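S.K.: Here is how the chains run, residue by residue.
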Amino acid sequence: MSIKETEELILNMGPQHPSMHGLFRMVVHLEGETITKLEPKIGYLHRGMEKLAESRTYAQFIPYTDRLDYLASPHNNWAYVQTVEKLMGVEIPERAEYLRVIFGELARIASHQVMIASTALDMAGWSAWSYAFRDRERICDMYEMTAGSRLTVNIMRIGGMSAEPPEEFWPALKSFLDDTPEMLEEYYGIFFGNEIALGRLKNVGILSKEMAENLSITGPVLRASGVNYDVRKAEPYSIYDRFDFKVPVRTGCDSYDRTIIRMDEIVESIKIIKQAVRDIPEGPVMAKVPKVIKPPAGEVYHRVENPKGELGFYIVSDGTTKPSRVRIRPATFINLQMLPIVALGWKIQDVVAIFATLDAVLGEVDK
Amino acid sequence: MENNELLKRQVEELASRVNGEVEESFGVLVLTVKAPYITETLTAAKQFAEVPCDFLHDLCGLDQVDHFEVVYQLSSLRGPQKLRVKALLNRENPVVDSVTRIWQGANYLEREAYDMFGIIFKGHPNLKRIYMWDDFEGYPLRKDYVTEPIEVRNIVRQRIEGE
Chain D
1 MSIKETEELI LNMGPQHPSM HGLFRMVVHL EGETITKLEP KIGYLHRGME KLAESRTYAQ
61 FIPYTDRLDY LASPHNNWAY VQTVEKLMGV EIPERAEYLR VIFGELARIA SHQVMIASTA
121 LDMAGWSAWS YAFRDRERIC DMYEMTAGSR LTVNIMRIGG MSAEPPEEFW PALKSFLDDT
181 PEMLEEYYGI FFGNEIALGR LKNVGILSKE MAENLSITGP VLRASGVNYD VRKAEPYSIY
241 DRFDFKVPVR TGCDSYDRTI IRMDEIVESI KIIKQAVRDI PEGPVMAKVP KVIKPPAGEV
301 YHRVENPKGE LGFYIVSDGT TKPSRVRIRP ATFINLQMLP IVALGWKIQD VVAIFATLDA
361 VLGEVDK
Chain P
368 MENNELLKRQ VEELASRVNG EVEESFGVLV LTVKAPYITE TLTAAKQFAE VPCDFLHDLC
428 GLDQVDHFEV VYQLSSLRGP QKLRVKALLN RENPVVDSVT RIWQGANYLE REAYDMFGII
488 FKGHPNLKRI YMWDDFEGYP LRKDYVTEPI EVRNIVRQRI EGE
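As you go down the protein sequences, you meet chains D and P in turn.
By the numbering used here, the letter at position 111 of the first sequence is numbered 111, and the numbering carries on one by one without gaps.
To convert, take the position in the second sequence, counting from 1, and add 367; that gives the numbering used here.
To be clear, the hints were calculated from the coordinates, so they are not data collected in a lab.
All of these numbers come straight from a predicted model, not from anything done at the bench.
Glycine included, each C-beta is placed from N, C-alpha and C at the ideal position.
Take the hints with a grain of salt, since some may be wrong.
[Unchecked claim] Examples of chain D residues lying across from chain P (beta carbon under 8 Å, computed):
| # | residue |
| --- | --- |
| 1 | E50 |
| 2 | P93 |
| 3 | L215 |
| 4 | V231 |
| 5 | E310 |
| 6 | T321 |
| 7 | R325 |
| 8 | D366 |
[To be verified] Estimated spans, in silico, between C-beta atoms of each pair:
| # | chain 1 | residue 1 | chain 2 | residue 2 | range |
| --- | --- | --- | --- | --- | --- |
| 9 | P | G446 | D | K294 | 54 to 62 Å |
| 10 | D | K294 | P | N371 | 24 to 32 Å |
| 11 | P | E379 | D | P281 | 49 to 57 Å |
| 12 | P | R445 | D | V27 | 36 to 44 Å |
| 13 | D | Q16 | P | N493 | 55 to 63 Å |
| 14 | P | F393 | D | G48 | 25 to 33 Å |
| 15 | P | V432 | D | E31 | 48 to 56 Å |
| 16 | D | I239 | P | F393 | 15 to 23 Å |
| 17 | D | A297 | P | R445 | 30 to 38 Å |
| 18 | D | G189 | P | R445 | 14 to 22 Å |
| 19 | P | F393 | D | D178 | 36 to 44 Å |
| 20 | P | G446 | D | P181 | 49 to 57 Å |
| 21 | P | G446 | D | K202 | 46 to 54 Å |
| 22 | D | R242 | P | S392 | 36 to 44 Å |
Produce the complete structure using the sequences and hints provided.
M.R.: Pasting the structure below:
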């Protein structure tokens, strides 16, 4: 007797699952081990940020933005305060701009380290995970010196920075930058050079260039599909037009390129920080901003290059102390749309790899 | 600068075709049209000569108390052009054509706007709530949605338990 037909298996992965980075659930339809349909279910971490913003003043909303993409919280602060500054027409001091770049790029490195670590973990590479997390601790220490907290740092204010970094910050930063080439070599050796990792990632989950553009994908995922687009170059915000750096682009379109492109970005971030440390002027870190923040009526959309993609804020002001609407354009929420399309036809362990390379942070996906 | 002129000319030409209004806000052109014209507007914007606005950054709902708006942020990966398109919807019957046929990336964004504002996107392949659970009542981001304070909610809960 032979089996002519197999029954379709519906499998629930998550929300509490080791491969899900946070509270994410997907319903997977399987034919044997091959995916025939995938449905992401989100909303387990939905806190209604956009609604909360409507009942808070402009300054009160800054700590909430930390909880969006909590692995790169300075970037969320940055996007939000710059939008409000644009709306009010505030010029911030030079030193504050440089400090914002330094902390922003440190956050990018930290976020990419977590990405590499967690991707390694999803491929069952425990030791690679510990290396990247060990190095990220040093960035957390630098946050702690300046802002007092290690994860949700709340380091920026409307009009500048919350604090001047203490004296011991600069030697710590310098030693960190000096050690980075060695760190990167370690990650290459232990993870990217590993045969199992290569086998799990190479040529898995192809996202073509046209598909990526049509799906509004941004960030490293888009650049790994061969599109040279970075908000820092396309529409330089802050002082990014003063630095000399490249936008890493890879054309593999697969999971491996989506992972290794973060290594290239760390190298560029280090270059930017080195230039910023060299050029940083003396001076105040806060502009003179009125105590009660009351932007004129109007609306503005502003975007920055978050480690995960493009983070945009669209603020509609009605001239009062509270915003009429704050719209957050989260990068990974939109990038996640590729998962049900790209995962079709792959095996179940490949879905874990594809999802890991998206670098989804559910705080940002669910807002 | 040349690009800006070129874009402005084409946007104005498009506006006269779809009965829209053009204004400028913080250096970005804003084109406001009525909901039935939205597919025509966006298809044309995607195919502007030399300055195509072919990348959808964001799509969101907006409650203006007397009417709803759907805001599309467009730009391109190959140029500096930027355009914001707004569709005006009436409050009683907020219906607009889905743009998922133009950009697949609008899928989740439209589901979110439906979830938060109750805007119906005609032609959407899977218009379901995305953040809230399926039997949730009301649309949270509408201005008339009542968010009672926690104290009030606790009183209600105690009364139900006491009964």
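S.K.: Against this structure, judge whether each hint is valid.
M.R.: Going down the list of hints, with the structure as the test:
At about 6 Å, the closest approach between the beta carbon of D:E50 and any beta carbon in chain P falls short of 8 Å, and the interface hint on this residue holds. Of the supplied interface hints, the one on D:P93 is violated, with its beta-carbon coming no nearer than about 22 Å to a beta-carbon of chain P, more than 8 Å. Among the interface hints, the one on D:L215 holds; its C-beta lies about 4 Å from the nearest C-beta in chain P, closer than the 8 Å criterion. At a threshold of 8 Å, the smallest CB-CB gap from D:V231 to chain P is about 10 Å, leaving the interface hint violated.
The beta carbon of D:E310 is positioned within 8 Å of a beta carbon in chain P (closest approach about 7 Å), and the interface hint is therefore held. Below 8 Å, beta-carbon pairs count as interface contacts, and D:T321 has none with chain P, the closest being about 17 Å; its hint is therefore violated. For the restraint placing D:R325 at the interface with chain P, the shortest Cβ-Cβ distance is roughly 6 Å, inside the 8 Å limit, so the hint holds. Proximity of D:D366 to chain P holds as hinted, the smallest CB-CB distance being about 7 Å (cut-off 8 Å).
At about 36 Å, the CB distance of P:G446 to D:K294 disagrees with the hint of 54 to 62 Å. About 31 Å separates the C-beta atoms of D:K294 and P:N371, a value consistent with the hinted range of 24 to 32 Å. Remark: the range hint 49 to 57 Å for P:E379 to D:P281 is contradicted by a beta-carbon distance near 44 Å. Checked against the hint of 36 to 44 Å, the pair P:R445 and D:V27 passes, with Cβ atoms roughly 37 Å apart.
A C-beta distance of roughly 25 Å is found between D:Q16 and P:N493, which places it outside the suggested range of 55 to 63 Å. A hinted range of 25 to 33 Å for the beta carbons of P:F393 and D:G48 is consistent with their spacing of about 27 Å. Remark: the range hint 48 to 56 Å for P:V432 to D:E31 is upheld by a beta-carbon distance near 51 Å. Our hint of 15 to 23 Å for D:I239 and P:F393 holds, since their Cβ atoms are close to 19 Å apart.
Checked against the given bound of 30 to 38 Å, the beta carbons of D:A297 and P:R445, roughly 34 Å apart, stay inside it. Taken as a hint, the range 14 to 22 Å is violated for the pair D:G189 and P:R445, whose Cβ atoms sit roughly 38 Å apart. For the pair P:F393 and D:D178, the supplied restraint of 36 to 44 Å holds, since their beta-carbon distance comes to about 42 Å. As the Cβ distance of P:G446 to D:P181 is approximately 36 Å, the hint placing it in 49 to 57 Å is violated.
Between P:G446 and D:K202 the beta carbons are some 34 Å apart, a value that contradicts the proposed interval 46 to 54 Å. About 27 Å separates the C-beta atoms of D:R242 and P:S392, a value inconsistent with the hinted range of 36 to 44 Å.
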